[in-house]
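Asks: Per numbering that gives the first Met the number 0, the sequence shown starts with residue 0, numbered consecutively.
Keep in mind that the hints were calculated from the coordinates and are not lab data. All residues carry an ideal CB built from backbone N, CA and C; glycine is no exception. There could be a bad hint or two in this list.
[To be verified] Simulated restraints, written as ranges between beta carbons of each label pair: (1) Q237 x V46: 54 to 64 angstroms; (2) T414 x K203: 34 to 44 angstroms; (3) S54 x G254: 56 to 66 angstroms; (4) K327 x L494: 18 to 28 angstroms; (5) R561 x K171: 39 to 49 angstroms; (6) T168 x S41: 21 to 31 angstroms.
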Amino acid sequence: MMDVWGAYIVFATVVACFALLFFTRKEPELILGAGLLFLLISGIVPVQAAFSGFSNQGLITIALLYVVAAGVHQSGALKPIIDRITQGVSRPEVGVLKFTIPVASLSSVLNNTPIVAALMPSVTQWSKKKGWCHSYFLLPISYAAILGGTCTLVGTSTNLLVYGLIQETDYKGQLGFFDIALVGVPITLIGVAYLALFSKKILKERQLPQSSIGSTREYTVEMIVKPDSTLVGKTIQQAELRNLNGLYLIEIIRGDLILAVVGPETRLAANDRLIFTGLVDSIGDLLELNGLELAEKQVFKLSGDTGKARLVEAAVAPHNPLVGKTVKQGQFRKRYNAAIIAVVRNGQRVKAKTGDIVLRPGDTLLMLARRSFIERYSLSREFLVVNGINDLNLGDSKHAKWAWLSLAAMIGLSTSGLTPVVVAAFIAAAVILASGCISWSQAKQSLDLQVLLTIGFALGIGKALNVSGGDQLLAGAIVANFGSNPIALLIAVYLITLLLTEMVTNSAAAVIAFSLVAGIIESMGYNLIPYTIAIMIAASASFISPLGYQTNLMVYSAGGYRFSDYIKLGVPLSILVGVCTLLIIPSVWSLNG
0 MMDVWGAYIV FATVVACFAL LFFTRKEPEL ILGAGLLFLL ISGIVPVQAA FSGFSNQGLI
60 TIALLYVVAA GVHQSGALKP IIDRITQGVS RPEVGVLKFT IPVASLSSVL NNTPIVAALM
120 PSVTQWSKKK GWCHSYFLLP ISYAAILGGT CTLVGTSTNL LVYGLIQETD YKGQLGFFDI
180 ALVGVPITLI GVAYLALFSK KILKERQLPQ SSIGSTREYT VEMIVKPDST LVGKTIQQAE
240 LRNLNGLYLI EIIRGDLILA VVGPETRLAA NDRLIFTGLV DSIGDLLELN GLELAEKQVF
300 KLSGDTGKAR LVEAAVAPHN PLVGKTVKQG QFRKRYNAAI IAVVRNGQRV KAKTGDIVLR
360 PGDTLLMLAR RSFIERYSLS REFLVVNGIN DLNLGDSKHA KWAWLSLAAM IGLSTSGLTP
420 VVVAAFIAAA VILASGCISW SQAKQSLDLQ VLLTIGFALG IGKALNVSGG DQLLAGAIVA
480 NFGSNPIALL IAVYLITLLL TEMVTNSAAA VIAFSLVAGI IESMGYNLIP YTIAIMIAAS
540 ASFISPLGYQ TNLMVYSAGG YRFSDYIKLG VPLSILVGVC TLLIIPSVWS LNG
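Build out the structure end to end from the sequences listed, making use of the hints.
Replies: Structure follows, in structure tokens:
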């Protein structure tokens, strides 16, 4: 028997979780984990059901695909493709087509983040040579990556999640690897055509943001310690170089020696070159210090050697733990072993003392960092590396062949029906590791624990909806108030999922939407598959915000975009995708079962 009060409690918990996800910057796995813990303590959901999500096929497949995507990326398998698609373009519209079609194709079987990350520097350099604005291409590439993910079951994590949920219903085995392509391919082709025709007309020419690596001189200044200076022999603290107004000492060059870690007890020597960053307009404060003089020749540069620092640009992800904190409060340098040279927001440099800047999602940081930072955070959810990733000198041709072989094997096994998708992904990940495309350590680093925990907890809350009878209660309310028209229900499912995915994480939106819809469909006797397809498409169709999808965030500052650019280009695309999806689904699948 349905526990009505239990159902209401689950609904209240779901609403509270979504409100916290939308209005706070707390990590989604913490919020959803707390929600699930509350339901466990209240006795509404059994322990086994609450944690069943962590054995969900979709979740396991996502974890394995992180390894596959990292192997393809680290092996350098994408490099020949990127080199080829930047050749032989005569018009910007043709350039958009030539970029978006391969990106969409690759994104149908790979995590789209490394694809976009690898392509961005090449596109920016290529557009400079052509004399075209890079902003014509970067946002369309991000949108193409999102669209491509709707073409196969492994295209996005949301597809895999919902597929895993389907396997636990009476519809097990009724959704094939390419079934979603019946909708995904048409909307991708239509979307790509729209981008090719209208991107240049809608998107304004944007200058490269001031965080560009080529503009480093705007943010750094070198001072020399005079041989007869009273500062010689003093510590940084004693010389009062720790709390300068708007300036920060990031490095000391002493002959051939580079002191990258400058602590308060570091002692100054004659002819030391002191590298300051921050508000270079405050250089007058430095000139007033006896014993320092402006270096006539600014020799500061970054080495490509493995152990030395280089410039890295990275966008702050929405759930970075330092969001909402100042650089100083978050102890940025200690936490990441990297020094911020400049912060760019909405295409403009933030003119404030670096330590006092409150970090926001989408901020692009120009940093002095080491190779280890790029290796660790190139595929992280804390940062989206925009520039500097090419310093990794990825892979060789031998490993690239193994990477493509593993990918082909996964697709072949999945589509043939010889093995389930999760087994095919397991085999591909094993080939990636055995062939040396990545090490075991790199494989572990590629796993995004935050995403996996978020999904696992969301699945547990979804299970609570089912166990408490909350899904059936909602089904009855919908039928009583809106009737049982299958077309109207399809439209409602799509719009609700689309709204949720713009508000919170697409994974959580897909899980909760499916948990609600499955109960409604069951009570009405409709076919669950078409409604599931609608959830998959809507959960990925995030085009109207730079924060809605990680590739949108990556190109935000790199392309010099404004929030309005996403609205102007993304809203028509979102409407186009929605209308096409809702027209195609009823013509392919019977809604009535």
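Asks: If a hint holds in the structure, say so; if it doesn't, say that too.
Replies: Status of the hints after comparison with the structure:
A beta carbon spacing of about 60 angstroms between Q237 and V46 agrees with the range 54 to 64 angstroms that was offered as a hint. Separated by about 43 angstroms at the C-beta atoms, T414 and K203 satisfy the suggested range of 34 to 44 angstroms. Judged by the Cβ atoms, the range 56 to 66 angstroms given for S54 and G254 holds: they are separated by roughly 59 angstroms. Remark: the range hint 18 to 28 angstroms for K327 to L494 is contradicted by a beta-carbon distance near 44 angstroms.
For the pair R561 and K171, the supplied restraint of 39 to 49 angstroms holds, since their beta-carbon distance comes to about 46 angstroms. Checked against the given bound of 21 to 31 angstroms, the beta carbons of T168 and S41, roughly 26 angstroms apart, stay inside it.
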